[in-house]
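With chain A's structure known, arrange chain E on it following the hints.
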Amino acid sequence: MTDRLGIVTEASLERGVEVRLDGPVSVEDMVVGRYVTIEGQQRRFFGMITDVSLGVTDQRLTVTPPDVTDPFIREVLTGTSTYGSIHVTPMLTIGGDAESILEGPQPVKTIPGHFSVVNLASEEDIERVFGSEDPQRFHIGNPLDMETKLCLNLEEFVKRSNGIFGKSGTGKTFLTRILLIGMLQKSQAVNLIFDMHNEYGWEGSSEGTTGKVKGLKQWGQSKVAIFTLDKENSATRKVPTDFTVQIGYDEITPEDISVLRSTLNLTELAVEAAYQLRRRFGKGWLRETLALGEGDTSQEDIDGILKEANIHESSFQSLRRGLGIIQRLGFVVPQAPEDAVKHILNQLDRGVSVVLEFGRYREISAYLLVANMLSRRIYAQYQERSEKARANDTALPQPLVITIEEAHKFLSTEVAGKTIFGTIAREMRKYNVSLLVIDQRPSGIDEEVMSQMGTKITCLLDNEKDIDSVLAGVSGKNELKAVLARLAPKQQALIFGHAVPMPVAFQPREYGSAQSYKEFGQAGSQTDTARAEKDIEELWE
Amino acid sequence: MRFINNQSSGKIAEVIEAETTRFTAQCYDLYGLPPLGSLVHTGDVYAIVFNASTSSLEPGRKPLARGKDETTEEDIYKSSPQLAKLLRSEFEAVTVGFKDVESLRQYLPPQPARIHAFVYLCQPDEVKEFGGSFDFLDILVNAALPIPAEELIAASLRQMSRVQDDPRAFLVAAGKELASLLSSQYDRLKSILGRLS
Chain A
730 MTDRLGIVTE
740 ASLERGVEVR
750 LDGPVSVEDM
760 VVGRYVTIEG
770 QQRRFFGMIT
780 DVSLGVTDQR
790 LTVTPPDVTD
800 PFIREVLTGT
810 STYGSIHVTP
820 MLTIGGDAES
830 ILEGPQPVKT
840 IPGHFSVVNL
850 ASEEDIERVF
860 GSEDPQRFHI
870 GNPLDMETKL
880 CLNLEEFVKR
890 SNGIFGKSGT
900 GKTFLTRILL
910 IGMLQKSQAV
920 NLIFDMHNEY
930 GWEGSSEGTT
940 GKVKGLKQWG
950 QSKVAIFTLD
960 KENSATRKVP
970 TDFTVQIGYD
980 EITPEDISVL
990 RSTLNLTELA
1000 VEAAYQLRRR
1010 FGKGWLRETL
1020 ALGEGDTSQE
1030 DIDGILKEAN
1040 IHESSFQSLR
1050 RGLGIIQRLG
1060 FVVPQAPEDA
1070 VKHILNQLDR
1080 GVSVVLEFGR
1090 YREISAYLLV
1100 ANMLSRRIYA
1110 QYQERSEKAR
1120 ANDTALPQPL
1130 VITIEEAHKF
1140 LSTEVAGKTI
1150 FGTIAREMRK
1160 YNVSLLVIDQ
1170 RPSGIDEEVM
1180 SQMGTKITCL
1190 LDNEKDIDSV
1200 LAGVSGKNEL
1210 KAVLARLAPK
1220 QQALIFGHAV
1230 PMPVAFQPRE
1240 YGSAQSYKEF
1250 GQAGSQTDTA
1260 RAEKDIEELW
1270 E
Chain E
291 MRFINNQSSG
301 KIAEVIEAET
311 TRFTAQCYDL
321 YGLPPLGSLV
331 HTGDVYAIVF
341 NASTSSLEPG
351 RKPLARGKDE
361 TTEEDIYKSS
371 PQLAKLLRSE
381 FEAVTVGFKD
391 VESLRQYLPP
401 QPARIHAFVY
411 LCQPDEVKEF
421 GGSFDFLDIL
431 VNAALPIPAE
441 ELIAASLRQM
451 SRVQDDPRAF
461 LVAAGKELAS
471 LLSSQYDRLK
481 SILGRLS
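Residue numbers (this note's numbering), protein chains in the order written: chain A, 730 to 1270; chain E, 291 to 487.
Derived from the structure by calculation, the hints contain no laboratory data.
Note that the structure is predicted; figures quoted are calculated from it, not measured.
Where is the CB? At the ideal position from N, CA and C, for every residue including glycine.
Some chain A residues well away from chain E (every beta-carbon gap over 12 Å; in silico):
| no. | residue |
| --- | --- |
| 1 | Thr-992 |
| 2 | Glu-1092 |
| 3 | Val-1203 |
Some chain A residues judged to face chain E by a derived CB distance under 8 Å, without partners named:
| no. | residue |
| --- | --- |
| 4 | Thr-786 |
| 5 | Leu-790 |
| 6 | Pro-795 |
| 7 | Glu-804 |
So that you can see chain A by itself, here it is in the shape it has in the complex:
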């Protein structure tokens, strides 16, 4: 296959560029998602193939097709009367004009002239666009059908909230694991991971032959702490944990209950009752409320309290039933021996990422409660510190990335306003806290939150609503839709947004084999060395 593909025959900034393929170029070699360069007179354009089609110069050819059994006739007609064409969406200008040379690839603002030559993008071109591995850039995979590395600037990546989407079983967890390891190795950010399925801490499951892959802790003993809600379960899985999280009754607030409203099947009035009861009992409201029904208190007393607080009996019963579910969660105890938030903050302050395993508590109510509660308090701390730092002109706290799964439960239109995650997603990096959202139903996430996400990575999605919600507001949405719908069901993803210069369909790098561990290890150590050298340099400045 030659590198020259054809020439530009039609172009519009809005609709993209139509390229007529040269005779020797086979249509079947053209794959949607591939990169091409267009050699304009003053600029070079970098774009992606978004459609492939066949054309004829005379419609009569389609009515009375030629005798294609004759190789001579087939050879003559191929590329002349019958031709292939590709539709290219130009994304960037690379090189050529001064601005592109000085500042790297620029978003495309014009189109190439008639009959500009179109080539397959070379390795150097792609490297110029996606960068090569360095202390900030992390190799996350390869653009489809290419050997070139796709490198993500993680420093940029963690500056905003990001999302990883895809149907169940398309490799979200796999991708997330790679990204988390990358952040561990190459960014200054610390991670707080709410690990619902115990995938990231010590060891994760893999659908490959080995069945198990290394988790974060195995990459950086000193840089990762594993916290668990379920000590027994972690012990059974032979996970070395650093701390067991228990939550005291008095740590749970009516706000937490309000987030759980639909999960616990509470009525609006029942949630309102929780606020009333807190007003009545203060910090110990949960213990007092649970005690109200426990024999000691007479029915008259209860009635009296309810009447005083203006709570209807049925709302109270609804609330009590909901609180009963929370009470039965093994990690919720009347009095927590140690403050989990303090421990987590301690670790984060030391630059240690925290993975919180949920053990057997895989029900969504436990996940919502814990993730929301802990994040709220940690965020409050960060907020306070950032404000202080700004006031005193001192360094801002280390950037924190909070990873949550099943994000549509936290960020749906109904609760996004109430959960802390809605706030973090909207306020972005003001307080140096951002989210890494993992979800399979992006359409369930509040539009406003989706629009604030910096970089989105999406594996295969086939629900129209989900696709629309992920691609909302992206230029060239229809073209990307075609690419997204054609991703393989596994191990292929599309990345677009803040951290990449243009949308890319890619194959995540291999993870799980001995060779891949070696490569990850090298990348990590190089980074450390480079960082050390940089620190030394700065020291002498």
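Frame of chain A; chain E shown alone:
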């Protein structure tokens, strides 16, 4: 062919009528006609033979049937040797290019051929040189000729391909050129290609 090969080095005819786009030549030998589609040149002008005829020297005088008592056709000419002088072979050729100081041009010459100019059949190396470009096809495609242009184009390409190192590649390249010239006239293209393969 047999006839032509024998005399390929020398002149074969003389121009008796000339226009910018074509000329008519009379052969020195009866039936000494170049094949349809062959490349000839006279002076600097190159042309492709598109029509040939043999008829009586005097327009009003028709030949008579003479072979009733003869066993072979050849015997007719042997017993009436004057026939070779009473009949004439003529051919018409369409101008497809000319040679100027620098090189071969495949478009119409500034001057038509001259009357009584000698006409030569092009040698294989000349044909090869001329076949290096397909611009002449444009003239043939658009020429108003008494015979179908498709027939002539196919015949001349077949003739030229014989002297090429890789006749098939030559025909494919010519076919592609035709495909772009006849991009909206698939029927014509089809009939030419059908005569080439």
